[in-house]
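A.B. asks: Here's the letter readout for the chains.
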Amino acid sequence: MVAEFVKTSTVAGAIKRSARSVTMVGTKTIDQAVAGAPRKDARPKDGVVSGGKIGELARQGAEFERFFTLSLDMMCIAGADGHFHRVSPAFAALGYSTEELVSRPFLDFVHPDDVAATLAEVEKLARNVPTIHFDNRYRCKDGSYRWLSWTCAPDTSGTLYAIARDVTETKRTQEALARAKDAAEAANRELESFSYSVAHDLRAPLRSIDGFSQALLEDYTEKLDADGKKYLSFVRTSAQQMALLIDDLLALSRVTRSELRREGVDMSALARAAVTRLQRSQPDRRVDVVIQEGLRGEGDPRLLTVGLDNLLGNAWKFTGGRDEAHIEFGASSNDGRRVYFVRDNGAGFDMAFENKLFGVFQRLHAATEFEGTGIGLATVQRIVSRHGGRVWAEGEINRGATFFFTLYEKESVV
Amino acid sequence: MSNDRVILLVEDNPQDEELTLRALKTSNVMNPVVVARDGVEALDYVFARGAHANRDRAAMPQVVLLDLKLPRVDGLEVLKALRANEFTKLLPVVVLTSSVEEQDLIRSYSLGANSYVRKPVDFVQFIEAVRQLGLYWLILNQTSPLAGRL
Numbered sequence: 003m004v005a006e007f008v009k010t011s012t013v014a015g016a017i018k019r020s021a022r023s024v025t026m027v028g029t030k031t032i033d034q035a036v037a038g039a040p041r042k043d044a045r046p047k048d049g050v051v052s053g054g055k056i057g058e059l060a061r062q063g064a065e066f067e068r069f070f071t072l073s074l075d076m077m078c079i080a081g082a083d084g085h086f087h088r089v090s091p092a093f094a095a096l097g098y099s100t101e102e103l104v105s106r107p108f109l110d111f112v113h114p115d116d117v118a119a120t121l122a123e124v125e126k127l128a129r130n131v132p133t134i135h136f137d138n139r140y141r142c143k144d145g146s147y148r149w150l151s152w153t154c155a156p157d158t159s160g161t162l163y164a165i166a167r168d169v170t171e172t173k174r175t176q177e178a179l180a181r182a183k184d185a186a187e188a189a190n191r192e193l194e195s196f197s198y199s200v201a202h203d204l205r206a207p208l209r210s211i212d213g214f215s216q217a218l219l220e221d222y223t224e225k226l227d228a229d230g231k232k233y234l235s236f237v238r239t240s241a242q243q244m245a246l247l248i249d250d251l252l253a254l255s256r257v258t259r260s261e262l263r264r265e266g267v268d269m270s271a272l273a274r275a276a277v278t279r280l281q282r283s284q285p286d287r288r289v290d291v292v293i294q295e296g297l298r299g300e301g302d303p304r305l306l307t308v309g310l311d312n313l314l315g316n317a318w319k320f321t322g323g324r325d326e327a328h329i330e331f332g333a334s335s336n337d338g339r340r341v342y343f344v345r346d347n348g349a350g351f352d353m354a355f356e357n358k359l360f361g362v363f364q365r366l367h368a369a370t371e372f373e374g375t376g377i378g379l380a381t382v383q384r385i386v387s388r389h390g391g392r393v394w395a396e397g398e399i400n401r402g403a404t405f406f407f408t409l410y411e412k413e414s415v416v
Numbered sequence: 010m011s012n013d014r015v016i017l018l019v020e021d022n023p024q025d026e027e028l029t030l031r032a033l034k035t036s037n038v039m040n041p042v043v044v045a046r047d048g049v050e051a052l053d054y055v056f057a058r059g060a061h062a063n064r065d066r067a068a069m070p071q072v073v074l075l076d077l078k079l080p081r082v083d084g085l086e087v088l089k090a091l092r093a094n095e096f097t098k099l100l101p102v103v104v105l106t107s108s109v110e111e112q113d114l115i116r117s118y119s120l121g122a123n124s125y126v127r128k129p130v131d132f133v134q135f136i137e138a139v140r141q142l143g144l145y146w147l148i149l150n151q152t153s154p155l156a157g158r159l
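Residue numbers (the numbering used here), protein chains in the order written: chain A, 3 to 416; chain X, 10 to 159.
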């Protein structure tokens with residue numbers, strides 16, 4: 003509308019022909035066009051003093067000029083030749099001088115993927131269809147792109163009067179939100195069905211183990227010696243421990259989107275504790291375990307414990323048939339990123355099925371060969387991904403497996 | 010305990026059935042227990058049809074202990090069917106199941122469950138839960154005079 007004033011010569015005819023069919027003449031035109039309100043309100047209180055219509059016009063002209071110059075939105079006038087004729091100082095945000103902006107067709111600045119849509123919008127304007135919040139990307143002088151949201155009044159003279167607002171940050175936020183939402187929803191759907199099964203099916207056998215152990219202790223107490231009673235109490239303790247573990251995992255699945263604790267974690271100590279638990283569970287196993295000392299990381303200690311329990315538990319399990327079982331926990335540096343690994347010389351796996359390793363309830367070994375539920379690695383993956391990391395594996399049948407994982411990958415430089 | 014009305018236990022897992030019966034016995038609940046192994050059996054019993062066509066339909070259970078995950082017709086469907094019927098809509102139903110998943114709790118209560126109890130893994134706690142259930146539903150609680158009346 004400022005532009006209408008600036009290019010007075012084209013304004014009157016254009017407006018008369020416009021789709022809005024507003025017929026205005028002279029000063030009235032400008033008043034109404036600028037104020038966008040009924041005329042009686044448009045005239046400033048201190049409007050006409052003594053200078054008559056010419057002085058009034060000049061005064062308002064200066065006012066509109068200030069409006070154009072001071073606007074934080076980008077204002078511009080472009081011609082039918084496809085060039086900017088005039089741009090407001092706000093365009094400096096793109097990094098170009100006014101000369102640079104007016105010397106080339108404006109489509110040159112538009113992102114190649116947005117050119118077609120921009121042309122379509124220009125054609126609509128030629129048919130008197132106003133542009134309202136049309137977004138495209140403009141290339142800045144430094145090569146980066148900014149998202150601009152355009153509004154443009156139609157003008158059949160072919161001259162475009164447009165206002166753009168930089169919405170790059172909003173766009174980025176929206177895109178990030180949309181991506182995060184999609185990912186969260188997909189993960190949640192999987193979690194829902196997964197945890198529902200777990201909640202119902204995994205507890206029943208434990209109840210049975212605990213309940214009948216207790217029944218034995220009650221009904222056959224005279225027939226059991228001290229060791230027998232002790233073992234049954236171990237059975238009950240383990241069943242209850244496992245029930246707690248299940249509850250923890252269910253709680254984890256329910257709180258996927260809740261805040262994650264982040265604190266200093268001694269990964270070496272977590273690994274040692276995990277191996278100690280494994281050794282205690284199978285005191286007869288002889289496994290050569292090497293744990294790299296001093297690996298301090300960050301994360302949620304409870305979840306990382308579950309993760310390492312799973313990875314080392316797998317290594318422990320799949321080296322079961324080895325005369326000389328070796329398990330190693332350590333870390334290497336890759337492009338400044340720390341990559342933890344758990345390596346074993348156990349049963350390994352066929353790399354062709356690597357993509358199946360981390361799926362829920364996916365197993366690559368028969369239950370008769372190695373026990374398991376197929377939840378462990380899916381849990382590891384979930385934990386690692388909650389810590390902003392990745393997990394992957396390398397292996398070969400009968401030649402062991404190595405599981406790698408990172409934490410806070412995007413930010414970590416060790 | 011106070012009366013000889015039937016407890017209907019809807020439970021498909023034989024070990025859980027055994028444990029629940031044991032817990033009832035340990036808690037001195039003397040009421041006869043009828044076990045239905047899936048939702049179809051449970052509804053057949055309540056509505057005196059199918060295998061239970063010959064039982065006295067007017068003799069309603071004192072309480073239904075209902076597992077949720079059942080073959081054929083699951084617990085929530087049983088609950089829905091009970092609540093949809095004039096004859097059984099006030100019948101006390103206690104959901105007795107493994108999970109405390111939020112969706113199960115919400116759906117059970119929205120469908121008109123009277124109570125929701127999770128079966129603890131620890132059998133000592135299980136017995137305590139069943140003892141309290143028996144105390145409440147068989148002795149303390151006064152059911153509606155209309156519950157299970159024709």
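Hints are not guaranteed to be accurate.
Straight-line Cα separation of at most 20 Å, EDC-like style, residue types lysine to aspartate or glutamate; simulated pairs [to be verified]:
no. : chain 1 : residue 1 : chain 2 : residue 2
1   : A       : LYS232    : X       : ASP131
2   : X       : LYS34     : A       : GLU220
3   : A       : LYS173    : A       : ASP249
4   : A       : LYS173    : A       : ASP221
5   : A       : LYS183    : A       : GLU171
6   : X       : LYS78     : A       : ASP249
7   : X       : LYS34     : A       : ASP221
8   : X       : LYS78     : A       : GLU194
9   : X       : LYS78     : X       : ASP21
10  : X       : LYS78     : A       : ASP203
11  : X       : LYS98     : X       : ASP83
12  : A       : LYS126    : A       : ASP137
13  : A       : LYS231    : X       : ASP131
14  : A       : LYS358    : A       : GLU326
Simulated from the structure, these hints should not be mistaken for lab results.
Bear in mind the structure is a predicted one, so any value in this text is a computation, not a measurement.
A.B. asks: Now look at each hint and say whether the structure bears it out.
C.D. replies: Going down the list of hints, with the structure as the test:
1. LYS232(A) to ASP131(X): Roughly 16 Å separates the two Cα atoms, so the pair holds.
2. LYS34(X) to GLU220(A): Roughly 14 Å separates the two Cα atoms, so the pair holds.
3. LYS173(A) to ASP249(A): violated, 40 Å
4. LYS173(A) to ASP221(A): At roughly 70 Å apart (the allowed maximum being 20 Å), ASP221(A) and LYS173(A) break the hint.
5. LYS183(A) to GLU171(A): holds, 18 Å
6. LYS78(X) to ASP249(A): holds, 18 Å
7. LYS34(X) to ASP221(A): holds, 13 Å
8. LYS78(X) to GLU194(A): Distance of about 16 Å is within 20 Å: holds.
9. LYS78(X) to ASP21(X): Roughly 8 Å separates the two Cα atoms, so the pair holds.
10. LYS78(X) to ASP203(A): holds, 9 Å
11. LYS98(X) to ASP83(X): Holds. LYS98(X) to ASP83(X) sits at ~18 Å (cutoff 20 Å).
12. LYS126(A) to ASP137(A): holds, 15 Å
13. LYS231(A) to ASP131(X): holds, 16 Å
14. LYS358(A) to GLU326(A): Violated, at about 28 Å.
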